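Chemist: Using the sequences and the accompanying hints, generate a full structural model.
From first to last, the protein sequence lines are chains A and B. All residue numbers for the first sequence refer to our numbering, where the first residue is 501 and numbers rise by one. All residue numbers for the second sequence refer to our numbering, where the first residue is 239 and numbers rise by one.
Keep in mind that the hints were calculated from the coordinates and are not lab data. Since the structure is predicted, the reported quantities are computational estimates derived from the model, not experimental observations. Honestly, I wouldn't trust all of these hints.
[As the list claims (entries may be wrong)] Listed next, the in silico DSS-like pairs over lysine-lysine satisfying Cα-Cα at most 25 Å (straight line):
no., chain 1, residue 1, chain 2, residue 2
1, B, 525, B, 242
2, B, 442, B, 245
3, B, 442, B, 597
4, A, 748, B, 504
5, A, 559, B, 504
6, B, 741, B, 597
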Amino acid sequence: MRSAAKLSIAIGAAAAWLAGIGLGGADPDSQAFDQIEKGRYLTTVADCFACHTVPEIGKPFAGARPIETPFGVITSSNITPDNDTGIGGWTDEQFDDAVRKGVRPDGSRLYPAMPFPAYTKMSRDDVLAIRAYLKTVEPLHQPVKANTLPFPFNIRTAMRVWDALYFTEGEFQPDSRQSAVWNRGAYLVQGPGHCTACHTPKTVLGGDKTIDNLRGFNLQGWFAPDITGDNNQGLGQWSEADITTYLKTGHNRMTAAIGPMSEEIVNATSQYSDSDLTAIATYLKSQPQRQDNTAPLPANSPAMIAGQAIYRDQCSACHGIDGRGVAMLFPSLAQSALVHAGDPTSAIHLVLRGGRSVATRQEPTAPGMPSFAWQLNDDQVAAVLTYIRNAWQTAGTPVSPDAVGKARDQLRARSD
Amino acid sequence: MPKKLPKKDVVIIGLGWTGSILANELTDEGLDVIAIERGPWRDAPTEFPPNYAQDELRYRIRHELFLRPEQNTFTFRNKMNQTALPIRDWGSFMPPNGVGGGGVHWNAETFRFLPTDFIARTHLTERYGAAFLPEDMTIQDFGVTYDDLEPHYDAFEYLCGTSGTAGNLRGQIQEGGNPFEGPRSRPYPTPAQKQPFSHTLFAKAARELGYKPYPQPSGNLSQAYTNPLGLRMGPCTYCGFCEWFGCGNYSKASPQTTILPLLVRKSNFTARDNSEVLHINLDRSGKHATGVTFVDTGGVEWEQPADLVILSAYTLFNVQMLLHSKIGMPYDPVANKGVIGRNFTHQTISTVNGFFDNKKFNFNPFIASGAIGMCIDEFNGDNFDHGPHGFVGGGYMGQVQTNGRPIQSASVPPGTPKWGAAWKNAARDNYLSTVRPGTGVHGSFYSYRDVYLDLDPTYTDRFGRPLMRMTIDFHDNELKQNAFLTDKFAEIIRAMGAHTLDKQYRKGPYDATDYQTTHLNGGAIMGTDPATSAINRYLQSWDVPNLFVMGASAFPQNAGYNPTDTVAALAFWAAAAIRGQYLKNPGPLVHA
Chain A
501 MRSAAKLSIA IGAAAAWLAG IGLGGADPDS QAFDQIEKGR YLTTVADCFA CHTVPEIGKP
561 FAGARPIETP FGVITSSNIT PDNDTGIGGW TDEQFDDAVR KGVRPDGSRL YPAMPFPAYT
621 KMSRDDVLAI RAYLKTVEPL HQPVKANTLP FPFNIRTAMR VWDALYFTEG EFQPDSRQSA
681 VWNRGAYLVQ GPGHCTACHT PKTVLGGDKT IDNLRGFNLQ GWFAPDITGD NNQGLGQWSE
741 ADITTYLKTG HNRMTAAIGP MSEEIVNATS QYSDSDLTAI ATYLKSQPQR QDNTAPLPAN
801 SPAMIAGQAI YRDQCSACHG IDGRGVAMLF PSLAQSALVH AGDPTSAIHL VLRGGRSVAT
861 RQEPTAPGMP SFAWQLNDDQ VAAVLTYIRN AWQTAGTPVS PDAVGKARDQ LRARSD
Chain B
239 MPKKLPKKDV VIIGLGWTGS ILANELTDEG LDVIAIERGP WRDAPTEFPP NYAQDELRYR
299 IRHELFLRPE QNTFTFRNKM NQTALPIRDW GSFMPPNGVG GGGVHWNAET FRFLPTDFIA
359 RTHLTERYGA AFLPEDMTIQ DFGVTYDDLE PHYDAFEYLC GTSGTAGNLR GQIQEGGNPF
419 EGPRSRPYPT PAQKQPFSHT LFAKAARELG YKPYPQPSGN LSQAYTNPLG LRMGPCTYCG
479 FCEWFGCGNY SKASPQTTIL PLLVRKSNFT ARDNSEVLHI NLDRSGKHAT GVTFVDTGGV
539 EWEQPADLVI LSAYTLFNVQ MLLHSKIGMP YDPVANKGVI GRNFTHQTIS TVNGFFDNKK
599 FNFNPFIASG AIGMCIDEFN GDNFDHGPHG FVGGGYMGQV QTNGRPIQSA SVPPGTPKWG
659 AAWKNAARDN YLSTVRPGTG VHGSFYSYRD VYLDLDPTYT DRFGRPLMRM TIDFHDNELK
719 QNAFLTDKFA EIIRAMGAHT LDKQYRKGPY DATDYQTTHL NGGAIMGTDP ATSAINRYLQ
779 SWDVPNLFVM GASAFPQNAG YNPTDTVAAL AFWAAAAIRG QYLKNPGPLV HA
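Modeler: In structure tokens:
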């Protein structure tokens with residue numbers, strides 16, 4: 501009996517080895533430390549935790565977190581190895597199809613709230629490593645009603661059309677004219693890091709406007725800023741070290757993370773390896789300048805005069821008369837991508853509601869900004885933002901009182 | 239029966255400066271620490287943001303940050319033969335409440351005591367003879383020396399980023415600093431704050447009179463600073479809203495800006511706000527604390543067991559807690575026995591307002607910070623010969639005008655009508671041209687047999703327990719001291735060019751309605767003899783060795799300085815003793 505048992509193990513091992521280079525389908529080796537460790541890191545890089553965990557409930561990867569999309573709220577699925585409610589019963593093939601093709605085991609289509617258009621850039625090895633890691637997390641029984649979208653978006657078959665329009669399946673292809681560091685950065689940004697999911701403008705149907713890659717997008721009450729190398733609206737004034745410090749700690753000499761990026765930093769980028777952060781910085785800095793930059797408003801325009809008076813009264817105590825703030829504490833408005841974004845949503849949001857910057861191990865201070873909604877009316881908020889956008893050798897389109905009023909109404913309904 | 243919570247290594251009562259320091263030190267040691275705070279959680283950007291924190295009516299006049307007397311108060315009398323009555327509105331001092339404690343609302347004046355302040359009785363007896371001290375004066379030595387505390391002063395100042403000019407670096411007297419101070423091991427972490435016009439003018443006049451003016455050491459920072467815990471602070475904007483107010487600019491040192499953001503990230507730290515500790519629990523022997531009992535806002539009582547208890551509330555609440563917990567023998571002034579409640583002290587404050595020609599002087603009092611000022615120390619401690627004057631003690635004095643806030647800054651020359659057009663004209667004419675130093679003379683308050691704390695025989699709190707009673711009055715020694723110092727101070731203000739002086743001497747009896755400072759001290763004093771002190775030189779209870787009592791309640795008498803730097807240095811000193819000695823071998827650190 502004993503020898504027979506040994507034989508069957510040997511056959512199993514051979515089958516697994518064959519599967520690894522062949523079609524797949526077998527369970528990963530639960531002792532495959534290197535693969536699990538790689539998967540753990542990639543799971544962090546891809547920030548699966550953020551969407552698939554309800555914050556502060558203590559059920560990692562068990563899903564049920566409502567995800568706000570322009571089309572309605574989608575509830576994230578349970579990706580723990582629970583057999584009934586999680587993905588314990590899935591084959592590797594099914595997992596890979598879901599992550600890289602947006603296809604569920606029953607053949608129906610995932611909504612792109614799951615960033616499969618980005619994850620498709622990952623290799624099959626990367627995806628199976630994530631799978632190997634997720635097999636080791638605690639199985640949690642948590643049924644989730646995934647599709648909570650309103651009609652007509654609740655018709656999943658519509659996603660076939662969407663996929664045809666906006667989804668290009670396929671692994672990341674390195675650009676041989678660029679360095680290995682640049683290619684690693686491009687892979688992380690476009691693939692597992694899925695920076696594009698928030699920072700690339702979308703069409704009315706939610707597909708990436710690839711021509712405007714990483715030039716900023718308005719979602720969830722914020723504007724995810726332009727993170728190209730653009731000098732005025734993007735990260736042109738940031739050094740590579742500024743980018744890596746920001747992603748590692750949530751803060752740098754010019755700015756601090758606030759809003760949805762805080763969560764991304766805590767869960768994901770603060771845990772990226774230093775070399776991966778450098779790769780991301782290299783890639784982002786290489787993204788081309790815009791051609792559509794506007795000219796600064798003249799200092800004697802009425803909005804600038806009113807805005808300067810409000811700024812000196814209300815803002816300069818922290819951000820300074822010169823708009824340069826205090827390094828690592830109060831953001832430099834003169835150099836802030838958030839301030840100079842073509843879309844002023846985030847700046848309006850901050851002035852009206854205030855906010856708390858992210859606290860990380862390296863930068864625990866987490867300074868905050870008070871709400872001015874009770875103190876400044878729409879005209880005043882518009883004036884001070886117009887001033888801030890144009891005051892320090894920078895240029896931004898004027899902010900209209902109407903836009904502030906609309907944001908004020910929208911923010912009333914938001915809890916964040 | 240209180241509901242019992244899981245046991246912790248350490249329970250801390252009160253999360254102000256000393257509670258935060260101890261929590262940080264003991265969590266660094268790996269202990270599981272819970273801090274229980276009576277008041278609310280307070281966070282700089284949400285509780286006192288710069289767009290509404292500067293509200294004199296809300297914070298100064300209506301006492302926003304302080305304990306409501308409805309929750310807990312004290313009875314007060316001057317003399318032992320009087321009947322004490324409850325204080326129903328805070329006056330001469332402001333009991334803090336909430337996370338950060340007094341560290342939220344302080345002016346951030348960050349003084350060290352003089353080396354001789356720690357050995358007051360020994361030093362004064364040696365220099366002037368025992369008969370020079372009033373018979374009923376009960377001053378004694380601290381049991382620690384300046385040299386013991388120097389590294390811990392240094393630790394607190396570097397935690398805070400204190401701005402100042404050193405006067406004595408390792409024994410070398412430094413130009414521009416206070417030449418009377420004890421030797422410091424290194425300079426202040428940041429340079430002194432810039433001084434406004436009237437402060438500079440005071441320094442010039444003082445220098446011409448032969449004094450050595452120095453900038454007041456300030457916890458409102460002259461420049462951005464990162465402390466050893468990695469927390470970031472910003473430069474002071476000189477808004478003039480420090481004392482009574484929280485700072486939302488991250489420029490005033492407080493637990494919120496220097497410790498708490500790091501502390502709350504530690505997995506072995508828990509804080510419980512809006513929970514009032516009723517008493518420290520003892521085992522049957524009465525010599526070992528088993529934890530505390532507290533009540534939440536719903537009226538539910540909880541027992542929090544712990545191996546080590548840190549009592550780190552405000553002076554008065556420390557003493558009250560010991561009395562209610564029946565720890566240590568209550569002080570009896572008639573029999574001159576007992577320790578809990580003895581050597582209760584405050585401060586002896588006075589000022590001189592100087593009125594200047596408004597065509598020549600515009601002092602712009604709005605440019606200020608809580609610890610801005612040019613001071614002299616010639617009349618502090620025993621820096622001068624007291625022999626001819628017939629009193630002991632002293633204080634620093636200086637132009638320390640901290641604000642131009644409208645409700646309290648409208649000073650008018652003596653003799654001006656108190657209302658009507660004449661008052662309005664005088665207020666307008668003098669607003670910008672008055673030197674109004676606030677606590678211009680910051681004098682010591684030594685201890686006496688009949689100044690003490692005990693439980694009131696009549697009035698009770700909402701739990702039916704006796705209120706604590708304050709018996710406090712000024713003695714001739716302090717009034718003489720104040721008259722002498724106030725006159726010296728007036729000479730300098732006159733030399734600045736004032737045409738009219740308003741000398742506001744401190745006079746008896748002690749008035750509980752007139753704000754002096756919040757520097758109440760003593761009642762659970764440190765010392766070397768369990769017969770005359772409640773705690774030993776490591777702030778450890780003589781009676782209950784697993785209880786340490788932080789705060790100015792440990793001061794046997796008060797020196798002529800603000801207490802916070804010394805309170806914090808003692809906290810670091812006690813923390814070092816707990817980490818280095820107590821935890822290795824829990825028990826008394828000093829055998830009496």
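Chemist: Now tell me if each hint is right for this structure.
Modeler: Hints, one by one, checked against the model:
A hinted pair counts as satisfied when its Cα atoms are at most 25 Å apart, and residue 525 of chain B with residue 242 of chain B qualifies at roughly 21 Å. The straight-line distance between the Cα atoms of residue 442 of chain B and residue 245 of chain B is roughly 60 Å, outside the 25 Å bound, and the hint therefore fails. For the hint pairing residue 442 of chain B with residue 597 of chain B, the CA-to-CA distance comes to about 20 Å; that is within 25 Å, so the pair holds. Restraint check: the Cα-Cα separation between residue 748 of chain A and residue 504 of chain B comes to about 19 Å, which is no more than 25 Å; the hinted pair holds.
Distance hint between residue 559 of chain A and residue 504 of chain B is fulfilled; the C-alpha atoms sit about 21 Å from each other, no more than 25 Å. The suggested pairing of residue 741 of chain B with residue 597 of chain B holds, with an alpha-carbon distance near 23 Å, which does not exceed 25 Å.
The structure is inconsistent with hint 2 alone, although it conforms to all the rest.
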